[in-house]
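Line order of the protein sequences matches chains A and B.
The first sequence begins at 344 in my numbering and counts up by one.
The second sequence begins at 344 in my numbering and counts up by one.
It should be emphasised that the hints constitute simulated quantities derived from the structure, not laboratory data.
Possibly wrong hints are sitting among the right ones.
For chains that are exact copies, the list does not tell them apart, and a pair is met inside one copy or across any two.
In silico DMTMM-like links for lysine to aspartate or glutamate, alpha-carbon gap of 25 Å or less [what the hints assert, rightly or not]: (1) Lys763 to Glu787; (2) Lys712 to Glu653; (3) Lys356 to Asp536; (4) Lys734 to Glu698; (5) Lys399 to Glu362; (6) Lys381 to Glu437; (7) Lys626 to Glu726; (8) Lys381 to Glu450; (9) Lys699 to Glu395; (10) Lys649 to Glu660; (11) Lys595 to Asp645; (12) Lys661 to Glu633; (13) Lys446 to Asp551; (14) Lys407 to Asp668.
Protein chains: 2
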Amino acid sequence: MSKKSQQGITAKKEENFSEWFTQIVQRCELADLRSNVKGFLIFQPWSVLAMEKMYKILEEILQKKGHKPYWFPTLIPEKNLKKESEHLGGFTPEVFWVTHGGKKKFEEKLALRPTSETIIYPMFGIWIRSYNDLPFKVYQRANVFRYETKATRPFLRSREFHWIERHSAHSTEEDAFNQVKEDMKTTEEFLHDILGIPFIFFKRPEWDKFSGAARTFAADALNPDGKVIQQPSTHMISQKFSRAFDVKFKDKDGKDKYCYITCYGPAISRIFASVIITHGDNKGLKFPWEIAPTQVVIIPIDKKVKQKAEQLKRKIEKIASVEIDYSDKRPGEKFNYWEMKGVPIRIDLGLKDLEKNRITIFRRDLNRKEISVKSKDVKEPIENIVLKRIKEISKEFTKNLIKQADKVFENRVKEAKSIKEINSAIKEGAIVKCNFCSLEKDGEKCAEVIEKEIGAEVRGTKLDERQKPSGKCVICGKEANHIVYIAKSY
Amino acid sequence: MSKKSQQGITAKKEENFSEWFTQIVQRCELADLRSNVKGFLIFQPWSVLAMEKMYKILEEILQKKGHKPYWFPTLIPEKNLKKESEHLGGFTPEVFWVTHGGKKKFEEKLALRPTSETIIYPMFGIWIRSYNDLPFKVYQRANVFRYETKATRPFLRSREFHWIERHSAHSTEEDAFNQVKEDMKTTEEFLHDILGIPFIFFKRPEWDKFSGAARTFAADALNPDGKVIQQPSTHMISQKFSRAFDVKFKDKDGKDKYCYITCYGPAISRIFASVIITHGDNKGLKFPWEIAPTQVVIIPIDKKVKQKAEQLKRKIEKIASVEIDYSDKRPGEKFNYWEMKGVPIRIDLGLKDLEKNRITIFRRDLNRKEISVKSKDVKEPIENIVLKRIKEISKEFTKNLIKQADKVFENRVKEAKSIKEINSAIKEGAIVKCNFCSLEKDGEKCAEVIEKEIGAEVRGTKLDERQKPSGKCVICGKEANHIVYIAKSY
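Please work from the sequences and hints to get the whole structure.
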């Protein structure tokens, strides 16, 4: 354990979010920034173990929905990127270029993949023959590279990050759009129901699309500093890329047609940032149950309980990941340490308690101690009573985190009727709902006004928005066609 | 399914190994070589699913042995590589260099990691403080890059491959050597006991070490063409790298000392090649039970058995990965297809059989059909009888593969007393045992003679060799100090 991790978290999340986040990353030993590669992280065991669990869960979801796993090359020839001009334009400024192998200079430089459309879709062109092959759904777990010129921040923005990218080809636009909706569902299942991260899925304005996409849909989560952070996005690539890379199929009518393509890119390392930010408190991390590297920690208060601790561990490890803290620290230090590390359940094993047939459990979801007691008329050993309680808590745990997070989020979505109201709501750290003229090119000027005067962005419209737009656009006063959401971002 | 996979394997493994391997890779849809990045593969679902299982198994083994998972940056500044001159010399010719980010030329070029010593050990220098921190054991799952100038072959040698690298720092040379022995044990557990790959672990000669290592130990598996293929290697890096990267610790005596470092690099994609090669036959692949993407396939012979097939699937999926082949192919085509794909157990579900309370099982380990029958006096449904049988077969399956593979391997290790005998044994595709003068620099000349005259290499000595060297070196006639093994390689 490093010296840093011996200190607790001293910054307050609500007062100095930035410092709080930095302390969490360092003191919980999630990532080390001291390598000499600028903008790159070293991901440490406590984050890697959680992110590996995240990968496993998301890959299972994608496989169940019919996606097959591939590993595509990390290097992509420049000519592939040039085939789709908008995509190239969007990504070129941030491509890392490989120009030499040993001492040999390559005739054509190779891109370190910033994303893999341009290496995957040419293969779609080879693999897909007829309507029978569609939908064709693939994914890969991969590290991707972007030469970010903005300031990097651990997990949130770095020059190498770890994600899954999902790509698919469809025979009709409708089928492709159903895939986009499936991606939104996947995001809901994964980010909200398993990880407890609240977000809104937006249809992005025309001027804020993925390079080369017909339409982009993206999830925004909200940080305590009032800035939104873009989480997974899904894109109707439509037929642009299939024309560029010749992805055709023979339809039932015998005609050759271009496929409709969609893609979706959940960045595991960035989603992990939202896990930290959403649930963490001034004591430290709080892991949702399913991804906690260690789900239960046993603290032996006295040396004499070692045998009991080992017995209990053997029982618990059948239902949860568990470890015993045998370190030399005082019990109080151990309590603080494991609360900081975000372990869901702590079991304090003391001799006096055991003599009274009691075991104390601390649960991090509610930051509360509770005592399991074996009454005299019960034959079961106390371990079994604790085990049952762990099972119960494990089922409530993430639900409690979700409830708390949803409440915070809902309170921060506000409505505004004028630019003045938007301004003051944004200052309070809100996502602001208002009437707006247009998400197409016409609306960009109004968005620029908002950006210039308030420093906030039009994030888009909600697909399942229940309210109807009424009256005028808050900026230009023309008739409002949309209810949009406005927020600050990084 | 592609047209290729509709053809069976036509080449004979024992007659034309190279063509057989190419057909397996293509027709079983393991990898596609048609991307336009030279020397790079697209790994397809059937291999990725197996390799993901391999990762999971090996990571669990390493974690149990006290290694913690990290993700280090893929890019390494050139100056890091320059710090250890031997290492640099060994790897420079095959480094891919990143020179630009967007349009900006970097002041210092960055290497795409060929291996990660030079980015990990500087961090060891930061993280390790005292003897209490030792041993310090880390691993990472990673893709690595080598600009190979030799001909590439799928899984066996390509410019990007997928591996795990394990690194550790120790307080004494003895402790470091125990780690090397642990790596050998890990290799035995993983490659032999789980994957069924026979190999010999060699101490490599002085002239065939990992660049920068004091000593290299490596496993050689044997291909049917009589060539060995190097599998995981473990290296006593000793104190060379700890001096170069300043990896010191305060010992119990209060003195600052350099750590002893070891590393170990099992290449998952290359080990997968040995899985294919060791167990595959002229019908196609044979997967060891634990890593088969699909462990059981159900073939409904008649359309009327669909309900029964689904019932059976639901029962089997609790103990194995299972799918039902509902495709339009004839049963015979399905049989051939799944035998080629190497699925361990096939269940042929026919109406006539079911009426007689019988179910036919085909097991790929023994290439044999057997029939599960429910006799009249048994109350259990036939599905439960099949389920029990699957459980039994799953336990024998890999053992049968191991038995077959070990027998083949043992028969191909031969002894020789002269260069003539070596030559004829090598021509028969053997690994040849003989007396040899020295593994240190003195012996290199004799090794060169063998290479020149026979085209074979001295692979090293076995650590647990039972025989004692006796008499003279087969080449120079000086006193023999070792029993070495000689073989051809790629």
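Results for each hint:
Only within a single protomer do Lys763 and Glu787 lie at most 25 Å apart by alpha-carbon distance; the minimum there is 19 Å, versus 83 Å between protomers. Taking CA atoms no more than 25 Å apart as the test, Lys712 paired with Glu653 passes inside one copy only; the shortest distance there is 22 Å, against 47 Å between copies. For the identical chains of this complex, Lys356 and Asp536 are intra-copy neighbours only, at 24 Å inside a copy versus 51 Å across copies, given an alpha-carbon limit of 25 Å. When the C-alpha separation of Lys734 and Glu698 is checked against a cutoff of 25 Å, the pair qualifies only within one copy, where the shortest distance is 24 Å, while the shortest distance between copies is 44 Å.
With identical chains, the CA atoms of Lys399 and Glu362 are never at most 25 Å apart, being 31 Å at best within one copy and 36 Å at best between copies. For the homomeric pair Lys381 and Glu437, the shortest alpha-carbon distances inside one copy (14 Å) and between copies (23 Å) are both at most 25 Å. Proximity of Lys626 to Glu726 under the C-alpha cut-off of 25 Å is found in neither arrangement, the shortest distances being 28 Å within a copy and 53 Å between copies. For the homomeric pair Lys381 and Glu450, the shortest alpha-carbon distance between copies (12 Å) is at most 25 Å, but the shortest distance inside one copy (28 Å) is not.
Taking the closest pair of Cα atoms, Lys699 and Glu395 never come within 25 Å of each other, the shortest separation being 40 Å inside a single copy and 48 Å across copies. In the homo-oligomer, the alpha carbons of Lys649 and Glu660 lie at most 25 Å apart inside one protomer (16 Å), although the nearest pairing across protomers, at 39 Å, exceeds that limit. In the homo-oligomer, the alpha carbons of Lys595 and Asp645 never lie at most 25 Å apart, since the shortest distance is 74 Å inside one protomer and 27 Å across protomers. For the homomeric pair Lys661 and Glu633, the shortest alpha-carbon distances inside one copy (15 Å) and between copies (21 Å) are both at most 25 Å.
Proximity of Lys446 to Asp551 under the C-alpha cut-off of 25 Å is restricted to the inter-copy arrangement: shortest distance 23 Å between copies versus 41 Å within a copy. Taking CA atoms no more than 25 Å apart as the test, Lys407 paired with Asp668 passes between copies only; the shortest distance there is 17 Å, against 38 Å inside one copy.
Hint check: violations occur at hints 5, 7, 9 and 11; the rest are consistent with the structure.
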